[in-house]
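*Asks:* Going down the list, the protein sequences come from chains A and B.
All residue numbers for the first sequence refer to this note's numbering, where the first residue is 1 and numbers rise by one.
All residue numbers for the second sequence refer to this note's numbering, where the first residue is 1 and numbers rise by one.
Do not take every clue at face value.
To be verified - Pairwise CB distance ranges (calculated):
#, chain 1, residue 1, chain 2, residue 2, range
1, B, 128, A, 67, 27 to 33 Å
2, B, 80, A, 136, 34 to 40 Å
3, A, 125, B, 78, 43 to 49 Å
4, A, 70, B, 78, 48 to 54 Å
5, B, 129, A, 180, 22 to 28 Å
Claimed, not checked - Example chain A residues on the side facing chain B (calculated, C-beta under 7 Å, incomplete):
#, residue
6, 112
7, 154
8, 158
9, 162
In short, the hints are calculated from the structure, not lab data.
Built from N, CA and C at the ideal position, the CB exists for glycine as well.
2 protein chains.
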Amino acid sequence: MPRIVDHGERRTELAEAVWRVILRDGVRATSIRTVAAEAGRSAGSLRHYFATHGELLTFAMGLVEDRVRERVSRVDINAPPVDVALRYCVEVLPLDDQRRAEAEVWFALSASGLSDPRLGEIRDRADQGMYELCRGLLEGMQRSGAYRHGTVDEVEVERLWSLLDGLSLHLLFAPRGVPVVVAEDVLRRYFDEVLVTPG
Amino acid sequence: MPRIVDHGERRTELAEAVWRVILRDGVRATSIRTVAAEAGRSAGSLRHYFATHGELLTFAMGLVEDRVRERVSRVDINAPPVDVALRYCVEVLPLDDQRRAEAEVWFALSASGLSDPRLGEIRDRADQGMYELCRGLLEGMQRSGAYRHGTVDEVEVERLWSLLDGLSLHLLFAPRGVPVVVAEDVLRRYFDEVLVTPG
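Next up, chain A with everything else stripped away, as it sits in the complex:
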């Protein structure tokens, strides 16, 4: 009997081959041909799952988004608000090899999104999600009376979100990398300043 492989499972496997090509050789090196070779398949069989190179990249980028959402959804929201906030923030930062690889792929495809509207759309949607996450965290603190400055405003949401994205960039890129412990201390100092009762 032939092995029956789930269509979605095979697509995920191929998207992970896209990730590996990007991590090793960059987005420029991705094509139906190079990804098929990386996955140990023929270009023809790959086309059965993805009609075009663009579709392949779009799916590979969407897969990063799914993985991050999945991790974030597992955060225990019944802990004290500061702990919840720190846990959420830590989940979206590239603090281990797996998350680092995902962030590198995300970053490379985001940059391609400047000239490819389909990738740009995925990035915009994820950005919106991160913005909402930051707003949700700060408003949760406000509701529990822990937020120092009265009402959470657009400036504060942007400030937390910028901090997170800047830290992500530096964990990926900065010369020799920002030590993970420094990144966590930056977040802790931020929350110490905006909270009435530092965690």
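Given the coordinates of chain A, assemble chain B onto it according to the supplied hints.
*Replies:* Just chain B now, with coordinates in the frame of chain A:
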């Protein structure tokens, strides 16, 4: 008499053609051929200035760095420390069309630098420069007695730098863009918190 064009001037002109191709079609679309076409020259004449595609990208990325350094060097350092700090920060953010274009090119080539060590080197050098700039700003405040928290440490330098890089990303990318006025307010709020006498 034939017009004598400075070698450096011609290289700059060609690098700007690289920028335009990147802004319109992405890094993937750059090649000796497409850049020559963009600049209205032959591939042969372009090779007179840049032997390889890699050399062309490296020079185009270095040109962004030069432009930013040039702007930063013009900041009047005799103003009060908070004003100086804000001016420096504003100079490195993509707050107008010209700086936005430069930042887009920078970001696209930075992402390529993940798989191209020559571009990675330029990014590392610029990152080091930004880190030193942030440290210099905070230490300047400390020397003038305006810094609230005693001694400037690694965590604070990383915090300011992350904030700046996160804001840059969002000014470029966020859905519909972060309003410039919000970006400036984020910086102002940051300085209000770390300074004894808010500007």
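*Asks:* If a hint holds in the structure, say so; if it doesn't, say that too.
*Replies:* Checked hints:
no.	hint	verdict
1	B/128 to A/67: 27 to 33 Å	holds, 31 Å
2	B/80 to A/136: 34 to 40 Å	holds, 38 Å
3	A/125 to B/78: 43 to 49 Å	holds, 46 Å
4	A/70 to B/78: 48 to 54 Å	holds, 53 Å
5	B/129 to A/180: 22 to 28 Å	holds, 23 Å
6	112	holds, 6 Å
7	154	holds, 6 Å
8	158	holds, 5 Å
9	162	holds, 3 Å
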